[in-house]
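Numbering (this note's numbering), first residue to last: 13 to 242.
Please keep in mind that the hints were generated in silico from the structure rather than gathered at the bench.
These numbers come from a predicted model, not from an experiment.
Virtual Cβ for every residue (Gly too), placed ideally from N, Cα, C.
Please note that a few of the clues may not be correct.
Label-pair restraints from in silico Cβ distances [to be verified]:
| no. | residue 1 | residue 2 | range |
| --- | --- | --- | --- |
| 1 | Ala53 | Arg214 | 44 to 54 Å |
| 2 | Leu89 | Asn132 | 30 to 40 Å |
| 3 | Ile90 | Gly49 | 36 to 46 Å |
| 4 | Ala53 | Ile242 | 25 to 35 Å |
| 5 | Ser184 | Phe216 | 34 to 44 Å |
| 6 | Phe176 | Ile242 | 25 to 35 Å |
| 7 | Phe237 | Asn158 | 21 to 31 Å |
| 8 | Gly48 | Ser184 | 31 to 41 Å |
| 9 | Leu89 | Pro156 | 18 to 28 Å |
| 10 | Val230 | Gly49 | 34 to 44 Å |
| 11 | Leu109 | Val38 | 18 to 28 Å |
| 12 | Val72 | Asp213 | 39 to 49 Å |
| 13 | Ile225 | Met169 | 51 to 61 Å |
| 14 | Leu89 | Arg26 | 21 to 31 Å |
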Amino acid sequence: MENFNIRKKFRRKRAVMTYLFLAIQVLAFVLMTIYGGSENAFVLYLFGAKVNEAIAFGEVWRLITPIFLHIGFMHLLINSITLYFLGIELELLYGNLRFALIYLLGGLMGNAMSFAFTPNISAGASTSLFGLFAAAVVLGRLYPYNPAIRNLAQGFMALIIINFISGLTSSSIDNWGHLGGAIGGGLAACFIIAPHLETVDRSFRIKTVLGYILVFSVLIAIGFFRYGVI
Numbered sequence: 013m014e015n016f017n018i019r020k021k022f023r024r025k026r027a028v029m030t031y032l033f034l035a036i037q038v039l040a041f042v043l044m045t046i047y048g049g050s051e052n053a054f055v056l057y058l059f060g061a062k063v064n065e066a067i068a069f070g071e072v073w074r075l076i077t078p079i080f081l082h083i084g085f086m087h088l089l090i091n092s093i094t095l096y097f098l099g100i101e102l103e104l105l106y107g108n109l110r111f112a113l114i115y116l117l118g119g120l121m122g123n124a125m126s127f128a129f130t131p132n133i134s135a136g137a138s139t140s141l142f143g144l145f146a147a148a149v150v151l152g153r154l155y156p157y158n159p160a161i162r163n164l165a166q167g168f169m170a171l172i173i174i175n176f177i178s179g180l181t182s183s184s185i186d187n188w189g190h191l192g193g194a195i196g197g198g199l200a201a202c203f204i205i206a207p208h209l210e211t212v213d214r215s216f217r218i219k220t221v222l223g224y225i226l227v228f229s230v231l232i233a234i235g236f237f238r239y240g241v242i
């Protein structure tokens with residue numbers, strides 16, 4: 013038991029991307045507070061929140077920057093706690109760079125779907141967090157004979173369902189962003205494979221890469237069409 017705890021403590025120190033993402037979003041929140049508050053619409057715009065009109069006219073970085081911004085302290089706190097526990101678990105399984113890619117690709121797809129279907133300004137790590145939830149579920153489907161991964165997947169599937177249901181009860185929650193994040197993270201987990209696990213068929217991985225690109229492209233096209241760019 014002692015050896016296990018030592019190993020676990022050592023591995024926690026290696027979850028550098030989780031800590032980096034946490035540091036970025038806390039720093040962003042502090043700076044937003046200094047500039048006038050994280051709930052101020054102009055401050056949100058200034059720091060890169062998802063603003064559809066701005067994205068439609070070229071500010072495409074707003075598909076990524078909202079991942080690190082939060083509207084109010086409780087929003088930051090809840091997402092930070094979730095990222096800490098979930099991020100460490102999956103980063104230790106995937107490795108630093110693979111984990112970071114899944115996190116960012118989930119958020120990217122989530123913000124693209126929000127751009128396509130939700131006119132409201134939005135921000136938050138929840139698009140990426142739903143991507144991580146979905147990635148854990150996909151792991152359970154890819155490796156059903158691994159009991160640890162299967163149990164992890166079942167737990168996160170329940171979290172996805174609970175969060176989607178709770179999201180339907182509030183108009184302030186970006187459910188399209190959450191759905192897009194789950195789709196993006198799930199697809200990413202099909203072609204970004206955790207090391208030390210069985211390899212996944214190469215053709216399947218290529219198909220899911222193309223699937224991600226296709227879904228993302230369609231969502232961006234819908235958003236551009238809605239705002240008269242195409």
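Evaluation of the provided hints:
1. Ala53 with Arg214: 44 to 54 Å: Holds - the Cβ-Cβ distance for Ala53 and Arg214, about 47 Å, lies within 44 to 54 Å.
2. Leu89 with Asn132: 30 to 40 Å: 22 Å Cβ-Cβ, so the 30 to 40 Å window is violated.
3. Ile90 with Gly49: 36 to 46 Å: violated (18 Å)
4. Ala53 with Ile242: 25 to 35 Å: The hinted range 25 to 35 Å holds for Ala53 and Ile242, with Cβ atoms some 27 Å apart.
5. Ser184 with Phe216: 34 to 44 Å: For Ser184 and Phe216 the Cβ distance comes to about 38 Å; the hint holds.
6. Phe176 with Ile242: 25 to 35 Å: holds (31 Å)
7. Phe237 with Asn158: 21 to 31 Å: Since Phe237 and Asn158 have Cβ atoms about 43 Å apart, the given range 21 to 31 Å is violated.
8. Gly48 with Ser184: 31 to 41 Å: violated (20 Å)
9. Leu89 with Pro156: 18 to 28 Å: For Pro156 against Leu89, whose Cβ atoms are near 35 Å apart, the range 18 to 28 Å is violated.
10. Val230 with Gly49: 34 to 44 Å: holds (36 Å)
11. Leu109 with Val38: 18 to 28 Å: holds (22 Å)
12. Val72 with Asp213: 39 to 49 Å: Given a distance of about 33 Å, which is not inside 39 to 49 Å, the answer is violated.
13. Ile225 with Met169: 51 to 61 Å: Given about 26 Å between the Cβ atoms, the range is violated.
14. Leu89 with Arg26: 21 to 31 Å: holds (25 Å)
Comparing the model with each earlier hint shows violations of hints 2, 3, 7, 8, 9, 12, 13; every other hint is respected.
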